[in-house]
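Participant: Use the sequences and the hints to build the structure in full.
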Amino acid sequence: MTIAEKQQEVINEFSMFDDWMDKYAYLIELGKDLPVIDDQYRTEQQLISGCQSRVWLHAAYHDGSIKLTADSDAVITKGIVSLLIRVLSGHSPQEILSADFDFLETIGLKDHLSPTRANGLVSMVKQIQLYARAFHLKSMQ
Amino acid sequence: MAFDVENIRRAFPILNQEINGKALVYLDNGATTQKPDVVVQSLVDYYHKTNSNVHRGAHRLSQLATEQYEGARSYIASYINAAQAREVIFTRGTSESVNLVANSFDGFVDAGDQVLITTLEHHSNIVPWQQLCERTGASLQVVALDENGDLDLQDLQAKLSEKTKLLALAHISNVLGSINPIKQIVGMAHARDIPVFVDGAQAIAHTHVDVQDMDCDFYAFSGHKTYGPMGIGVLYGKEDWLNKLPPYQFGGEMIAHVSFEKTSFTTLPYKFEAGTPNVSGALGLEAAIRFIEEIGMEPIIAHEDNLLEYATDQLEKIEGLQVVGKAAHKTAVLSFVVEGIHASDIGTLLDQMGVAIRTGNHCAQPLIDKLGYHGVVRATIGLYNTKSEMDVMAEAVNKAVNMLR
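As you go down the protein sequences, you meet chains A and B in turn.
Just so it is clear: in the first sequence, position 135 is 135 by the working numbering, and no numbers are missing.
Just so it is clear: in the second sequence, position 44 is 44 by the working numbering, and no numbers are missing.
I should point out that these hints are in silico values taken from the structure, not numbers from a laboratory.
Treat the hints with care, since some could be wrong.
[As the list claims (entries may be wrong)] Within a straight-line C-alpha distance of at most 30 Å, the following computed DSBU-like cross-link-like pairs (lysine-lysine) qualify:
# : chain 1 : residue 1 : chain 2 : residue 2
1 : B       : K22       : A       : K32
2 : A       : K23       : B       : K22
3 : B       : K370      : B       : K165
4 : A       : K32       : B       : K399
5 : B       : K317      : A       : K23
6 : A       : K32       : B       : K370
7 : B       : K399      : A       : K23
8 : B       : K317      : A       : K32
Treat the numbers as computed from the prediction; the structure is a model and nothing was measured.
Facilitator: Pasting the structure below:
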C-alpha cells in the first residue's frame, strides 16, 4: 500500500467513531499495542525534544526503506506515534518526504498539530522527516 | 455583602462558553486569571477618553493620563501597604521585576558570595539569580524542602551566612501551593542583614499582601494573575534599596539631564521606568485590585480554601491518585499524579471534557525533578470557580483515569 492508501485506511477507521471518547479509547488501545522499542534505543539521543511526554523515536534504513520504531511514557502520545509509524514505516525516504499529513486533521487530531501542543506531534513529524532527509542524502552518496 | 459566586461569574463573560461541546471549567488560574468586565472597561475607557503620553505633555489629556497613572500607583501602593507610592515600580510582570533587581544587583555581590533561593522556585525566580551569580562569580545556594512541601527552615537558617547577599523566594509555590512564612523568614534573614526578595506571583490574588508587615525588601507580582491585564506587573522595593540600585534600562522619563558627555537619572519611581509606560495596564491593574477589594480578600480566601479542601477530598477517592504538595498552609493550587498514568494523557482527556488545567513541569523543572516526577497535573482555583466545577473536574479525572488504565 502507498502512504496515501494507508492514510485513507486510517481515515476510514476513525470515521466510525461518533464521539471523542471512542476515538481516544482507540488511540489508547493503539498506544498499548505498539511494539516495545528495543531498549538500546530508549536513550537520551533518541529522545525527541519539544514533547511534554518523553518520546523515543528510532529509524533504521534497509534496502531503500525506512523502518521506524518508537516509544513514549504517555499512552495517547504512543497511540498517535503508532499511527505515524503505521502510515510511514517501510517506505522510502522520498515517499516519506513527499507525504502530507492532512489525514491527522481529517481524523480530528488537528489540535495536536499546534506547535505548542504538549504531546509534540509536530516534533515527531519533523524528526521523521529529518531521518528521511538524512537517509535520502546518504543513499545518493 | 455575602460572597455570591454566581454573581461574580457574571462579571466574567469568557467563563460562559463551551469547549469541545462541554461547559468550560477553567482551572488554570495559576497560569493566568480571567478578566472581569470592569477591567476590560477600564482599558476601553482609557483608550476612548484619555489616551496620551504621561509626564511630558503640556496639554490636558496628558495631565489626565498622568494623574490616572500616578493614581493607580498610589492605589496599588496603599493596597500592599507600601510606605510610599514611589516604592511601587510598574514592570511588565513578575519576571521583569525579578530581572530588574537581579540585573541591578551586580554591585552588591562579589566573587565567592552567595545568593540563596529555594527548591520550590519557578524558573523566573531561579534563572535571573543564576545569571547574576555567573556574572559576579557568586554561587547559588538552594534551601531544601521537607516531604510535605514546606520549606526546611533549619536548612534555611544554616544557609544564611555572612556570604549570603540576598535571599529570593516565592510567597506561594506555583506547584505545591505552599504558603511560606515570609514574615518569619524575613526576620531570620534580617537578623544577618540579608535583604529578601519575595516573588508574589501566586500570592497576590489569593492572600493578603502587606509588605511592611512582612518587612520584605522587594516584592514582585503580575497583573494578569490577579484578574488584571497582561503585560503589567509591579516591583515593590524599600526606598533605601531602590535608591541604592542603579537603573536597569535607559531612556524616556527616567532621565533627568542628558548631554553627549554625561546623563543623570531622575528619582524614584521613574528611575526604573524607562520608555513610555503601560498606562492602560496600570489602570487595568488598579481596576482589578479594586474588584478584589470590593469582594474582600477574607471571603475570597474562605471560598478558595473550601474549594481546595473539597476538590482534594474528591480527587483522593480516585485509586492511585496522589496529591502533590501537602504543606500545612496551602492555597488555590491542587497538583497531583496518578500511578502508572502520564500527566499529559490526563490533560489531553480533560481538555476533551472542557476542563482546562495544566500539565508538565510548570516552569519549575528543578522542583519537579526533585520530587521525582516527569510532570504533574495542576488545577488552580480562582475566585469564580464553583463547587460543582470541582465535581466536574474530579469526575473528568476519574473518567480519564478509567480510560487510561
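Participant: Work down the list of hints and note, for each, if the structure agrees.
Facilitator: Hint check:
For a cut-off of 30 Å, the pair hint linking K22(B) to K32(A) stands: about 28 Å separates their Cα positions. Pair hint K23(A) plus K22(B) holds up; C-alpha atoms about 17 Å apart against a cutoff of 30 Å. Between K370(B) and K165(B), the direct Cα distance comes to roughly 25 Å. Compliance with the 30 Å bound is thereby established for this hinted pair. The suggested pairing of K32(A) with K399(B) holds, with an alpha-carbon distance near 18 Å, which does not exceed 30 Å.
For a cut-off of 30 Å, the pair hint linking K317(B) to K23(A) stands: about 27 Å separates their Cα positions. At roughly 29 Å between alpha-carbon atoms, K32(A) and K370(B) fall within 30 Å of each other, so this suggested pair holds. Annotation: proposed proximity of K399(B) to K23(A) holds, straight-line Cα distance about 14 Å (limit 30 Å). Between K317(B) and K32(A) the alpha-carbon distance is near 26 Å, which keeps this suggested pair within the 30 Å criterion.
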